[in-house]
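*Asks:* Spelled out from the first residue to the last, the chains are:
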Amino acid sequence: MEEVVFFAGAIGALGGAIAVVALRNPFYSVLALVVHLVALAGLFLTLHAEFIAAAQVVVYAGAVMVLYVFVAAYVGGVEEPEWEPITGQRFLAPILAAALFVELSIAILGTGLKAIGDEGPTIPFGFGSPEAIGTLMLERFLIAFEAASILLLIAAVGAVVLAARKLPGTSPDAHTPGEAGEVGG
Amino acid sequence: MAVEWYLVLSALLFATGAAGVLLRRSPLVVLLCLELMLNAGNLALIAFARSTGTQDGHIFALVVMVVAACEVVVGLGLIVAMFRRRLPLNVDELRGLRG
Chain A
1 MEEVVFFAGA IGALGGAIAV VALRNPFYSV LALVVHLVAL AGLFLTLHAE FIAAAQVVVY
61 AGAVMVLYVF VAAYVGGVEE PEWEPITGQR FLAPILAAAL FVELSIAILG TGLKAIGDEG
121 PTIPFGFGSP EAIGTLMLER FLIAFEAASI LLLIAAVGAV VLAARKLPGT SPDAHTPGEA
181 GEVGG
Chain B
1 MAVEWYLVLS ALLFATGAAG VLLRRSPLVV LLCLELMLNA GNLALIAFAR STGTQDGHIF
61 ALVVMVVAAC EVVVGLGLIV AMFRRRLPLN VDELRGLRG
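Here the protein sequences line up with chains A and B, keeping their order.
If you read the first sequence in this note's numbering, its first letter stands for residue 1, the second for the next number, and so on.
If you read the second sequence in this note's numbering, its first letter stands for residue 1, the second for the next number, and so on.
Just so you know, the hints here were simulated from the structure itself, not pulled from any lab data.
Please read these numbers as outputs of a predicted model, since none were measured by experiment.
Backbone N, C-alpha and C fix where the C-beta goes; we use that ideal spot for every residue, glycine too.
You may find that some hints are simply not true.
[What the hints assert, rightly or not] Pairwise CB distance ranges, derived in the manner of DEER restraints:
{"#": "1", "chain 1": "B", "residue 1": "Leu78", "chain 2": "A", "residue 2": "Val5", "range": "34 to 40 Å"}
{"#": "2", "chain 1": "A", "residue 1": "Ala144", "chain 2": "B", "residue 2": "Leu78", "range": "22 to 28 Å"}
{"#": "3", "chain 1": "B", "residue 1": "Gly96", "chain 2": "A", "residue 2": "Ala19", "range": "29 to 35 Å"}
{"#": "4", "chain 1": "A", "residue 1": "Pro130", "chain 2": "B", "residue 2": "Arg84", "range": "36 to 42 Å"}
{"#": "5", "chain 1": "B", "residue 1": "Trp5", "chain 2": "A", "residue 2": "Leu153", "range": "34 to 40 Å"}
{"#": "6", "chain 1": "A", "residue 1": "Phe7", "chain 2": "B", "residue 2": "Arg98", "range": "41 to 47 Å"}
{"#": "7", "chain 1": "A", "residue 1": "Tyr28", "chain 2": "B", "residue 2": "Glu71", "range": "19 to 25 Å"}
{"#": "8", "chain 1": "A", "residue 1": "Phe125", "chain 2": "B", "residue 2": "Gly96", "range": "53 to 59 Å"}
{"#": "9", "chain 1": "B", "residue 1": "Arg84", "chain 2": "A", "residue 2": "Gly126", "range": "45 to 51 Å"}
{"#": "10", "chain 1": "B", "residue 1": "Gly96", "chain 2": "A", "residue 2": "Ser105", "range": "37 to 43 Å"}
{"#": "11", "chain 1": "A", "residue 1": "Leu138", "chain 2": "B", "residue 2": "Arg84", "range": "38 to 44 Å"}
{"#": "12", "chain 1": "B", "residue 1": "Arg86", "chain 2": "A", "residue 2": "Ile143", "range": "41 to 47 Å"}
{"#": "13", "chain 1": "A", "residue 1": "Leu100", "chain 2": "B", "residue 2": "Asp56", "range": "24 to 30 Å"}
{"#": "14", "chain 1": "B", "residue 1": "Leu78", "chain 2": "A", "residue 2": "Gln89", "range": "21 to 27 Å"}
Starting from the given sequences, assemble the full structure and let the hints guide the process.
*Replies:* Below is the structure:
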C-alpha cells in the first residue's frame with residue numbers, strides 16, 4: 001500500500017516539477033507547482049509528517065501560490081527570446097542537471113544508509129502531530145522560532161518598501177525616458 | 001519504503017529545479033524553480049526524520065518553509081518593482097551589476 005502511495009506521489013511531484021520547467025506560460029508553471037506541492041504533501045503523509053503536510057498544503061499550495069498567481073496575472077505573459085548569451089545553453093543546462101542528479105545519487109546510494117533498515121525505527125504515538133511539533137518548537141527550538149518570526153517581519157516590511165507606489169507629487173517612477181534602455185548595456 | 005527511494009526522488013527534484021534555474025529567463029519562473037529546489041531539500045529532511053525516528057527534521061523543514069516564504073515575498077516584490085519601472089523581465093538582460 002505504501003509503495004502505491006509513494007509512486008503515485010513521486011509521479012505527481014516529478015510531473016509537476018518537469019511541467020514547471022517546461023511550460024512556456026508562467027501562469028501554467030505556477031499551477032503545475034501547485035500540483036507538485038500537493039503531491040509532495042502526500043509523500044510527507046507517508047513519512048508520518050502530518051503537521052508538515054498540512055502546513056505544506058495550507059501555507060504553500062494555498063497562500064504562497066495565490067501570491068504567485070496574482071503576480072503572474074499582474075506581470076502577464078513574458079515571452080522568452082531565443083537569443084542565448086552562452087552558446088548551447090539549451091543543451092548544456094539539462095546535461096549539467098543530469099550530472100548533478102547522478103552525482104547526488106552516487107553520494108546517496110554509496111553511503112551506508114541500507115544499514116538503517118527498510119522501514120526505519122518504530123515511531124512513538126503522536127509522531128509529527130501538531131502537539132509534538134509545537135512542544136519541540138517552543139522548548140528546544142525556541143531561538144529558531146523567534147528568528148523565523150523576525151525574518152518574516154523583515155520580509156513583510158521589505159516587500160512593502162520594494163513594491164510600494166511612490167506618493168503622488170513625487171515624480172512617477174515609470175515614465176523616466178531612457179531608463180529601461182540603460183539596463184543590459 | 002526504504003529511505004533511499006525518498007532521497008533519490010529528492011535528488012531528482014533538485015536536479016529538475018536546477019535545470020529550470022539554468023534554462024529559464026523569466027525571473028518569476030526562476031523563483032518557481034528555486035521553490036522546487038527548496039522543496040526537494042524539505043523532502044530529504046522529512047525522510048531523514050522518519051528514518052532516524054526523531055522530529056528535529058520536521059522543525060528544520062518548517063524553518064525552510066518560512067525562509068522560502070520570505071524569499072517569495074521579497075522576490076515577488078522585486079518583480080513587481082521591476083515591472084513598474086518598465087525594466088525587462090529577463091534575467092539575461094538585467095546584468096547591470098556584472099560590469
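*Asks:* With respect to the beta-carbon atoms only, verify the hint that A:Phe125 and B:Gly96 lie 53 to 59 Å apart.
*Replies:* holds (57 Å)
*Asks:* Within 38 to 44 Å: is that where the Cβ-Cβ distance between A:Leu138 and B:Arg84 falls?
*Replies:* Since A:Leu138 and B:Arg84 have Cβ atoms about 41 Å apart, the given range 38 to 44 Å holds.
*Asks:* Is 41 to 47 Å right for how far apart the beta carbons of B:Arg86 and A:Ile143 are?
*Replies:* holds (43 Å)
*Asks:* Just to be sure I understand the hint, the distance between the Cβ atoms of B:Leu78 and A:Val5 should be within 34 to 40 Å; is that true here?
*Replies:* holds (38 Å)
*Asks:* Is the distance from the Cβ of A:Tyr28 to the Cβ of B:Glu71 consistent with 19 to 25 Å?
*Replies:* The hinted range 19 to 25 Å holds for A:Tyr28 and B:Glu71, with Cβ atoms some 22 Å apart.
*Asks:* Is the hinted range of 45 to 51 Å satisfied by the C-beta distance from B:Arg84 to A:Gly126?
*Replies:* Cβ of B:Arg84 to Cβ of A:Gly126: about 49 Å, so the range 45 to 51 Å holds.
*Asks:* Just to be sure I understand the hint, the distance between the Cβ atoms of B:Trp5 and A:Leu153 should be within 34 to 40 Å; is that true here?
*Replies:* holds (39 Å)
*Asks:* Has the hinted range 36 to 42 Å been met by the Cβ atoms of A:Pro130 and B:Arg84?
*Replies:* 40 Å Cβ-Cβ, so the 36 to 42 Å window holds.
*Asks:* Range hint 37 to 43 Å: satisfied by the CB atoms of B:Gly96 and A:Ser105?
*Replies:* The hinted range 37 to 43 Å holds for B:Gly96 and A:Ser105, with Cβ atoms some 39 Å apart.
*Asks:* Kindly confirm whether 24 to 30 Å is satisfied by the beta carbon distance between A:Leu100 and B:Asp56.
*Replies:* holds (27 Å)
*Asks:* Take a look at whether the Cβ-Cβ distance between A:Ala144 and B:Leu78 falls inside 22 to 28 Å.
*Replies:* This hint holds: roughly 26 Å between Cβ atoms.
*Asks:* Determine whether the Cβ-Cβ distance between B:Gly96 and A:Ala19 falls within the hinted range of 29 to 35 Å.
*Replies:* Distance hint for B:Gly96, A:Ala19 holds at roughly 32 Å.
The structure meets every hint from the earlier list without exception.
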